[in-house]
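Sequence order for the protein chains is V and X. The numbering used here numbers the first residue of the first sequence as 1 and each following residue consecutively. The numbering used here numbers the first residue of the second sequence as 1 and each following residue consecutively.
Keep in mind that the hints were calculated from the coordinates and are not lab data. Predicted, not measured: the structure shown is a model, and the values here were computed from it. C-beta: ideal position from N, C-alpha, C; glycine also. Any given hint could be a false lead.
[What the hints assert, rightly or not] Quick partial rundown of chain V residues pointing at chain X, CB under 8 Å, derived from the structure:
| hint | residue |
| --- | --- |
| 1 | Ser153 |
| 2 | Trp156 |
| 3 | Asp190 |
| 4 | Gly191 |
| 5 | Pro192 |
| 6 | Phe196 |
| 7 | Ile201 |
| 8 | Arg222 |
| 9 | Leu226 |
| 10 | Lys227 |
[What the hints assert, rightly or not] DEER-style ranges, computed between Cβ atoms:
| hint | chain 1 | residue 1 | chain 2 | residue 2 | range |
| --- | --- | --- | --- | --- | --- |
| 11 | X | Thr51 | V | Lys115 | 30 to 40 Å |
| 12 | V | Glu124 | X | Val27 | 50 to 60 Å |
| 13 | V | Ser44 | X | Val75 | 16 to 26 Å |
| 14 | V | Cys56 | X | Gly101 | 35 to 45 Å |
| 15 | V | Ala109 | X | Ala46 | 55 to 65 Å |
[To be verified] If you want the ones that stay clear, here's a sample from chain X, every Cβ over 12 Å from chain V, calculated:
| hint | residue |
| --- | --- |
| 16 | Leu6 |
| 17 | Val13 |
| 18 | Ile22 |
| 19 | Leu30 |
| 20 | Thr51 |
| 21 | Leu59 |
| 22 | Ala63 |
| 23 | Ala84 |
| 24 | Leu85 |
| 25 | Ala88 |
| 26 | Phe96 |
| 27 | Gly106 |
| 28 | Ile107 |
| 29 | Val111 |
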Amino acid sequence: MEFRVWRFDPERDREPRMETHHVEVTRGMMLRDALLEIKARDESFTFRHSCGEGVCGSDAVNVNGRNRLACITPVAELKAPVVVRPLPGRPVIRDLVVDMSQFYGQYEAVEPWLKRREPEPEQEILQSPAERARLDGLWECILCGCCSTSCPSFWWNPEKFLGPQALLSAWRFLADSRDQAEEERLDALDGPYRLFRCHTIMNCVEACPKHLNPTRAIGHIRDRMLKKSV
Amino acid sequence: MTARRLAGFRAWVWQRATAVYIGLFLVYLLGRLAVAPFGSAEALRAWLGSTPLWVAFGLFALALLLHAWIGVRDVILDYVKPPALRLALLAAVALFLLANGLWLAGILMEVK
Numbered sequence: 001m002e003f004r005v006w007r008f009d010p011e012r013d014r015e016p017r018m019e020t021h022h023v024e025v026t027r028g029m030m031l032r033d034a035l036l037e038i039k040a041r042d043e044s045f046t047f048r049h050s051c052g053e054g055v056c057g058s059d060a061v062n063v064n065g066r067n068r069l070a071c072i073t074p075v076a077e078l079k080a081p082v083v084v085r086p087l088p089g090r091p092v093i094r095d096l097v098v099d100m101s102q103f104y105g106q107y108e109a110v111e112p113w114l115k116r117r118e119p120e121p122e123q124e125i126l127q128s129p130a131e132r133a134r135l136d137g138l139w140e141c142i143l144c145g146c147c148s149t150s151c152p153s154f155w156w157n158p159e160k161f162l163g164p165q166a167l168l169s170a171w172r173f174l175a176d177s178r179d180q181a182e183e184e185r186l187d188a189l190d191g192p193y194r195l196f197r198c199h200t201i202m203n204c205v206e207a208c209p210k211h212l213n214p215t216r217a218i219g220h221i222r223d224r225m226l227k228k229s230v
Numbered sequence: 001m002t003a004r005r006l007a008g009f010r011a012w013v014w015q016r017a018t019a020v021y022i023g024l025f026l027v028y029l030l031g032r033l034a035v036a037p038f039g040s041a042e043a044l045r046a047w048l049g050s051t052p053l054w055v056a057f058g059l060f061a062l063a064l065l066l067h068a069w070i071g072v073r074d075v076i077l078d079y080v081k082p083p084a085l086r087l088a089l090l091a092a093v094a095l096f097l098l099a100n101g102l103w104l105a106g107i108l109m110e111v112k
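Whole structure, please, built from the sequences with the hints as guidance.
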């Protein structure tokens, strides 16, 4: 099967180029396996990967125009030639490795931890099964960046728009019965850019390898803002 | 209402509220035209001259201008980065909408 991989070393190359490789497809082969095969032939070929089972979120790449995790993308499902590029909109460090600092900065900006006004209890803060169930579809995010880097609003304003991943995380804490900083969180999300650059394009929903729905989370935040304002 | 107050959540609420009003008014207007089309300019003028319609059309014009301002401003915020160009475009849009608003206000004053 033909693979075309993006190659760029800023220390040596003037321009990026696509490099063609032919890899024999074996049964159950994932895209990560194919990339490792290419790396075995040319060890200068660089991409991030770790767990190999869709948990760590390291190996997000753009495959045939769609952001996916290489380790859980069966090669048999892909149309040849398989074109593998770095995640769009991020500065390339080398080959398929991109700088995710801004993405992590936006995640940090929503303060993704529980905030309490009351004193911390001696033991854990209990939740009812229903309260816990509200976090399903939110906590599973692995920060791979597939969603935010497929979002046109994030491409246009990555420094100001938080992006789908950070907004999903913002709702994860707003929806948490143990969190006591609702007003502070909602105030921090207001303004023309941070949340309201989302135009419900929904590329994020299509791209998420964990089948999460950041667009719905953003809708919930807007609804909560509306509820608080009336 | 300052530009700052019409940003983010407030702008989003206004855009949706005006969309609902514009939608309802257009449905009514199209229904009215389908059921009993205006035969002449005088008939249209008389229709618009009745106080409830005059108020409803005035609100429609305001809603349309506000909706357009928020929508076009969103597009400019998305795509136009250089501050001078952005300011110039926003000013041009504001002037265009203001001129339209004055024109519509003139029509409403004339029929009443």
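Quick rundown of the hints versus the structure:
1. Ser153: holds (7 Å)
2. Trp156: At about 5 Å, which falls below the 8 Å cut-off, the nearest Cβ of chain X leaves the hint on V/Trp156 intact, so it holds.
3. Asp190: holds (4 Å)
4. Gly191: This hint holds: V/Gly191 lies near chain X, its Cβ roughly 4 Å from the closest one there, short of 8 Å.
5. Pro192: Nearest chain X Cβ about 4 Å off; hint holds.
6. Phe196: Where the cut-off is 8 Å and the nearest Cβ of chain X is about 5 Å from V/Phe196, the hint holds.
7. Ile201: violated (11 Å)
8. Arg222: holds (7 Å)
9. Leu226: holds (7 Å)
10. Lys227: Violated. Min distance 12 Å.
11. X/Thr51 <-> V/Lys115: 30 to 40 Å: For V/Lys115 against X/Thr51, whose Cβ atoms are near 53 Å apart, the range 30 to 40 Å is violated.
12. V/Glu124 <-> X/Val27: 50 to 60 Å: Holds, at about 54 Å.
13. V/Ser44 <-> X/Val75: 16 to 26 Å: Given a distance of about 43 Å, which is not inside 16 to 26 Å, the answer is violated.
14. V/Cys56 <-> X/Gly101: 35 to 45 Å: Since the Cβ atoms of V/Cys56 and X/Gly101 sit about 56 Å apart, the hinted range of 35 to 45 Å is violated.
15. V/Ala109 <-> X/Ala46: 55 to 65 Å: Check passed, 58 Å falls within 55 to 65 Å.
16. Leu6: violated (9 Å)
17. Val13: violated (7 Å)
18. Ile22: Its Cβ never comes within 12 Å of chain V, the nearest being 19 Å, so this holds.
19. Leu30: Per Cβ check, X/Leu30 is outside 12 Å of chain V; nearest 27 Å; holds.
20. Thr51: The assertion about X/Thr51 holds, with a minimum of 30 Å to chain V.
21. Leu59: holds (21 Å)
22. Ala63: At roughly 19 Å from the nearest Cβ of chain V, X/Ala63 sits farther out than 12 Å, so the non-interface label holds.
23. Ala84: X/Ala84 clear of chain V: closest Cβ-Cβ about 18 Å, beyond 12 Å.
24. Leu85: holds (15 Å)
25. Ala88: holds (18 Å)
26. Phe96: Since the minimum Cβ distance to chain V is about 21 Å, X/Phe96 lies beyond 12 Å and the statement holds.
27. Gly106: X/Gly106 is indeed farther than 12 Å from all Cβ atoms of chain V, at 32 Å.
28. Ile107: Correct as stated: the minimum Cβ-Cβ distance to chain V is 33 Å, above 12 Å.
29. Val111: holds (36 Å)
In summary, the structure is inconsistent with hints 7, 10, 11, 13, 14, 16 and 17 from the numbered list given earlier, while agreeing with the others.
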